[in-house]
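Enquirer: Fit chains U and X to the given chain C structure using the hints.
Protein chains in written order, with this note's numbering: chain C, 11 to 618; chain U, -2 to 97; chain X, 231 to 738.
Check before you lean on any hint, since a few could be wrong.
As the list claims (entries may be wrong) - Quick list of in silico lysine to aspartate or glutamate cross-link-like pairs, DMTMM-like style, CA-CA up to 20 Å:
#, chain 1, residue 1, chain 2, residue 2
1, X, Lys678, X, Glu606
2, X, Lys609, X, Asp694
3, X, Lys615, X, Glu600
4, X, Lys678, C, Asp171
5, X, Lys295, X, Asp445
6, X, Lys615, C, Asp171
7, X, Lys615, C, Glu120
8, X, Lys615, X, Asp694
9, X, Lys609, C, Asp171
10, X, Lys601, X, Asp691
11, X, Lys609, X, Asp546
12, X, Lys615, C, Asp119
13, X, Lys609, X, Asp691
14, X, Lys609, X, Glu388
15, X, Lys678, X, Asp694
What the hints assert, rightly or not - With beta-carbon atoms standing in for the labels, derived distance ranges:
#, chain 1, residue 1, chain 2, residue 2, range
16, C, Ile572, X, Thr449, 32 to 42 Å
17, C, Pro37, X, Ile245, 39 to 49 Å
18, C, Tyr550, X, Ile245, 50 to 60 Å
19, C, Leu549, X, Thr386, 32 to 42 Å
20, X, Ala708, C, Glu417, 51 to 61 Å
21, C, Gly82, X, Thr336, 46 to 56 Å
22, X, Phe660, C, Tyr550, 12 to 22 Å
23, C, Val560, X, Tyr599, 20 to 30 Å
24, C, Gly593, X, Glu401, 18 to 28 Å
25, C, Ile572, X, Glu388, 14 to 24 Å
Stated by the list, open to error - Non-contacting residues of chain C with respect to chain U, defined by C-beta distances greater than 10 Å in every case (computed):
#, residue
26, Arg43
27, Arg177
28, Leu429
29, Leu609
It is worth saying that the hints were derived from the structure and are not from the lab. Only a predicted model underlies this, so the values are computations on that prediction, with no experimental measurement involved. A virtual CB, placed ideally from N, CA and C, is assigned to each residue, including glycine.
Okay, here's what each chain looks like letter by letter:
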Amino acid sequence: MDLSLLLPLLVPAMPFAAFLILAIVPPIRRTGRGAGALSIAAIAVSFVAAVIVWHSGFVGERTWGWIPADGGPIATVGVMVDPISNAMLVLVTLVSLLVQIYSLAYLSDERPGALGRYYTYQSLFVFSMLGLVLAPGFLQMFVFWELVGLCSYLLIGFWYDRPAAARAAVKAFWITKLGDLGFIIGIVLLWSATGTFEFSELFERAEANTLAVPGLAVIMFLIYLGAVGKSAQFPLHVWLPDAMEGPTPVSALIHAATMVTAGVFLVTRAEPLFALVPEVMAVIAWVGAFTALLAATMACVEGDIKRVLAYSTVSQLGYMMAAAGAGATPAGFLHLLTHGLFKALLFLAAGAVIHAVGTNDMFRMGGLFRAMPHTAIVFLIGTLALAGVPPLAGFYSKEAVLGGVWEAHLTGPFLMLALTALLTAFYMFRAVFLTFFGRAHAGGHPHEAPWLMRGPLWLLAVLTVVAGIRLALSGAEAHEATPGWLPPFSVGLALLGFVLALAMYQRGVIDPARVARALAPLDYLARRRYGLDALYAGLYRGLILGFARVIGWIDRYFVDGILNALTALTLRAGDSLRHIQTGRAQDYVYGVAFGVLLLFVWAQLWRR
Amino acid sequence: MIGLSSYLVLAALVFSIGLFGVLTRRNAVGILLGIELMLNAVNINLVAFARFHGDLTGLIFTLFTIAITVVEVAVGLAIVIAIFRVRRTVDADRLDLLRG
Amino acid sequence: MTIPLLSIITWSPFIGALLIMFTARHSPRAVRLISVVTTGISAVLSIWIYVAYERETAGFQFYEKVPLVPPLGISYEVGVDGISLLMVLLTSIIIVAGVFASWTVTVRSQEFYALLLALVTGVYGVFVSLDLFVLFLFYELAVLPMYLLIGIWGSTGEVRPRGIFAWAFRETGVGTKEYAAMKLTLYLLFGSAFILVGILALYVHAGSASFSFLDFEATAFPRGLQRWVFLAFYVGFGILAGIWPLHTWSPDGHASAPTAVSMLHAGVLMKLGAYGVVRVGMGLLPDGAVDLAWLVGTIACVNIVYGALSSMAQTDLKYVIAYSSVSHMGIVMLGAATLTEVGLNGSVFQMFAHGVMTGLFFALVGLVYEKAHSREIGKMGGFAKMMPGIAAAFTIGGLSSLGLPATAGFVAELLTFLGSWRSAHPWWLFPAVAGTFLTAIYVLRVVKQIFWGPPSAHFHDLGDARGPEWVALVLLVAVLVFFGMVPGLAIGPIDTATVPLLARIVSP
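Extracted from the complex, chain C is given alone in its bound form (with noise of 0.2 Å):
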């Protein structure tokens, strides 16, 4: 075997190692904060080895068979090295490995067990994310796809004994699972038309030339289907926002860093097989700019600070989808990979204003950044990366994301994308407006979190500035393919964005209430989430519940009832003839005598 190969293998090795032994000895799961430590110490390891692997640019490729057949195996597992993979095993190990660090003091007041628990979910699920990342084939990818879901559906669950947590958990697994119904359609549909899942062989085909596929439209369509589940995409968007009664270091993992960027992870991974289907593409620029566009919406109007941060991860995921689908693959990746340093970073920030405070609700926080301004600060840079201010991360790759989509000549999609901008800047404003300054509204004292809390949060800030001055200084490239105008212009959004929300949530120059009657339409939809919730609940209940019902009253009142009437006919019948048994000897007797008789008189007759 390829020594190469083993660095890259350790880096999931070594969380699975971590998950089998919390899961396997309950023992140590039950220390809590030590099952936290080998947890932890599993992907410190795992991250060191990305970063090597990383850093000297591992190339290769090795499978292993899964699934036997007659003539040599259908399916492969194993491991598939490249630049954009090893980025993201550097991304996912480390914001693991801060996330994980944070929870121990995040998750501090609960049970050791339940603490053992997330531990092992955490660990499962870097596992999971890292094998996805790795995956050379579809099938791999889906496996590790599905069990990502199942470890959001458990993070998100993780106080299962709150009713709404158990049901985000379980809207989010459904809602997610609708689109890789599409997904597995779709591998299903490009097997049977290739008989490979593997990418390299496909990749090959695709650039030869040779990959006649009839329908690959609607094969890569439904595949696309799965990332709009687990990107959280229009108008599979809806679980995303619920996901947030999850612990909020898992809202910082796993849905805004890591898992929920799987979609976009995926059309890159996949573009050569994408970019044969410009329809496909288009459809994947719109279906993002909108829903960039109509998150970015919902956020203005949302008051719960996770959420609002839960909708800003929609909408950016919205700028990568559009931007893959523009054909700037690497822009849609690169806002991938910084918007995973600092939305994990506003995520974490967020978690702990909400444990100084304990609330999510923005209108009663306020003043906060007198009592933590470390936080404060952090929350700060995030903002401004994520409302792309340069010299941050988020400026470089917001703005090579918008110079994509114009280069594409997707007008519709930029206009969108530029307004969600704006947005952008807007409410994540509001947001520190509300939280940070202004009036103090929080009861008690809050207080600045401990320092490994702190630590990470730091940590991750640094890195997005740093990420953002290195961008700056060494990545042109993006920006040749620019025009010059779009850096002031996309800026001068961000500006205005900032302004508005100054004005409205800090100097009360402009009456919020007041705008919200002016576009009260706007308003009155944003804050119902457009009617999606709810055309999903009735949905599912009017829908698949209402018809279960009727089959299940079919099968047990009709079917069976059939198959009842049968019997009870049969029951009838025999009851009727019950009364020839008199069950006295002698009429039994005369029976047979009469019997008898009545041959003798047949055989007389017969002979004649």
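Expert: Using the frame of chain C, we list chains U and X on its own:
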């Protein structure tokens, strides 16, 4: 010379008397006696045929039948007594546990 | 190798049953000891033959033959190929788990275990028999103890008479365990009549003085005969596999049966039906299988969707699981109907996966019922706090049933999907995929309702699984996950059996 048919008529008469007894007696012991008569009618037939056909098989069969009859009576009476112990009656009309 | 391994596997439980009846009276400990030892012997030997089976040579191995009625060509003839090998392993796993899961049966436990073991001998017998007459005898042996097991140790539910047939429900005693036992037995005997007719038709037509599967296999039957005999086998065996609309015995039967019996029944006996269709139906009647594949596959699709929806409508936990079996057996039959290598591999693997999964489910439902004394899902809530182990095992079983990767259920479903798109009727793929989504809905709904949420006020002093019960749960979960991660271990041998079987179908 008394012919075969005379024996057969006798046997038929005995059988009919026995059958009549089985059908009309209400006492279980009476029914048993009726069955005895019917079996003996068979015996008469067997012996008569054996005599007129000069075949000993019929006689041997008769011996078997007599032995079986004895056993049957023994078992039958035992059942009747057992029934009497339980039900305090041997009236056949009231022994209708098998009524449907 | 002269040790009759298959006979030992088959008859060991039966000897256990005899020992229990004659020696272990009034000694519950001895009863359980004998059960564990005799089923353990079978289990160890099943694993042994699984390992020792020569994958390169394939075909029927561990062959034994003893003439029973030479004039009629009836003989005791046993052997296993890749398909039956896995089924024997499945039976062993389920019965061992079942023995442990019913550790707490106290009412007439020696009769209970004796009947259970006799039943298992019947099941092993069907899987290893190569003589159709003897296969039929074993089949009946597997069905009849079920009547007593459900009728005596079962539990009674409630069904309100409604609809246009309400009058009938009032007269049949629906819901009681006696009703369920009778329904199940009559239904299965009804089916076995078809099977017997089919077997006799082949015997008479072949004119061979033998009931041997191998002799029949060498005979080419005319297409017309094949068609209706296949139909007879399909209906006969299919009833046991729960084909729609002849499936209604299964929910009532499973719901009323005691834990170990439900496990065995849904886990193994239903597979007997599917196995019969594949081995006897498709194996002997390739043309009939080709001609009627549309029927088998379409009904399988109905099964999948209809079973899942019915399951969703249930309020009784045991009925949910029972209907899920109807749904999953649809996947098994669909895989077989595709007549493709992947599909058939998926079908056989799904038999195995579903067997383990549903065995696990029924073991868990039994435990929940034993502790909560209720099967009403609506009343339960928050059980995960009190019984975390059971909750975890239930979740894993549920995930396998909705086809989550890393459990055996995923591989089986994936192969079936792949097969159905390559079959003559590609549209089968869509109901099958929709079925997995519906499964996700009803399974997670049940998990959420029972185990999550705030603890229900109706129940107190609930405990987790104990001692021997853990053995059952851990064994089943481990098998489910292990074969999900290393499916090649099972699919390798299956493939050696399905490829020749399909070769006969494609080029007769």
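Enquirer: State for each hint whether it applies.
Expert: Hints versus structure:
1. For a cut-off of 20 Å, the pair hint linking Lys678 (chain X) to Glu606 (chain X) stands: about 14 Å separates their Cα positions.
2. Annotation: proposed proximity of Lys609 (chain X) to Asp694 (chain X) holds, straight-line Cα distance about 19 Å (limit 20 Å).
3. Restraint check for Lys615 (chain X) and Glu600 (chain X): satisfied, since their Cα atoms lie roughly 17 Å apart, inside the 20 Å limit.
4. Annotation: proposed proximity of Lys678 (chain X) to Asp171 (chain C) holds, straight-line Cα distance about 10 Å (limit 20 Å).
5. Taking the CA atoms of Lys295 (chain X) and Asp445 (chain X), the gap is about 13 Å. The hint holds against a cut of 20 Å.
6. Taking the CA atoms of Lys615 (chain X) and Asp171 (chain C), the gap is near 8 Å; set against the 20 Å cutoff, the hint holds.
7. With a C-alpha separation of about 14 Å, the suggested pairing of Lys615 (chain X) with Glu120 (chain C) holds against the 20 Å cut-off.
8. The straight-line distance between the Cα atoms of Lys615 (chain X) and Asp694 (chain X) is roughly 9 Å, inside the 20 Å bound, and the hint therefore holds.
9. Taking the CA atoms of Lys609 (chain X) and Asp171 (chain C), the gap is near 15 Å; set against the 20 Å cutoff, the hint holds.
10. This hinted pair checks out: Lys601 (chain X) and Asp691 (chain X) have alpha carbons roughly 8 Å apart, not beyond 20 Å.
11. For the proposed pair Lys609 (chain X) and Asp546 (chain X), the alpha carbon gap of about 10 Å is at most 20 Å, so the pair holds.
12. At roughly 17 Å between alpha-carbon atoms, Lys615 (chain X) and Asp119 (chain C) fall within 20 Å of each other, so this suggested pair holds.
13. This hinted pair checks out: Lys609 (chain X) and Asp691 (chain X) have alpha carbons roughly 15 Å apart, not beyond 20 Å.
14. Of the supplied pair hints, the one linking Lys609 (chain X) and Glu388 (chain X) holds, its CA atoms being roughly 16 Å apart against a limit of 20 Å.
15. About 18 Å separates the Cα atoms of Lys678 (chain X) and Asp694 (chain X), which keeps this hinted pair within 20 Å; it holds.
16. One distance hint, 32 to 42 Å for the beta-carbon pair Ile572 (chain C) and Thr449 (chain X), holds here, with the actual separation near 38 Å.
17. Distance hint for Pro37 (chain C) and Ile245 (chain X): a CB-CB separation of about 41 Å, consistent with the stated range 39 to 49 Å.
18. Distance hint for Tyr550 (chain C) and Ile245 (chain X): a CB-CB separation of about 54 Å, consistent with the stated range 50 to 60 Å.
19. At roughly 37 Å, the beta carbons of Leu549 (chain C) and Thr386 (chain X) sit within the given window of 32 to 42 Å.
20. The hint said 51 to 61 Å for the Cβ distance between Ala708 (chain X) and Glu417 (chain C), and at roughly 54 Å that hint holds.
21. Separation of Gly82 (chain C) from Thr336 (chain X) is about 54 Å and conforms to the stated range, judged on CB atoms against 46 to 56 Å.
22. Under the hint 12 to 22 Å, the C-beta atoms of Phe660 (chain X) and Tyr550 (chain C), about 20 Å apart, fit the expected range.
23. For Val560 (chain C) paired with Tyr599 (chain X), a C-beta distance near 28 Å keeps the hint of 20 to 30 Å intact.
24. Here the CB-CB span from Gly593 (chain C) to Glu401 (chain X) is close to 24 Å, well matched to the stated 18 to 28 Å.
25. About 21 Å separates the C-beta atoms of Ile572 (chain C) and Glu388 (chain X), a value consistent with the hinted range of 14 to 24 Å.
26. Even its closest Cβ contact with chain U, about 76 Å, leaves Arg43 (chain C) beyond 10 Å, as expected for a residue assigned away from the interface.
27. Every CB of chain U lies more than 10 Å from the CB of Arg177 (chain C), the least distance being 59 Å, so the non-interface label holds.
28. Leu429 (chain C), annotated as away from the interface, keeps every beta carbon of chain U farther than 10 Å; the closest lies near 86 Å.
29. With a least CB separation of 15 Å from chain U, Leu609 (chain C) remains clear of the 10 Å interface cut-off, as annotated.
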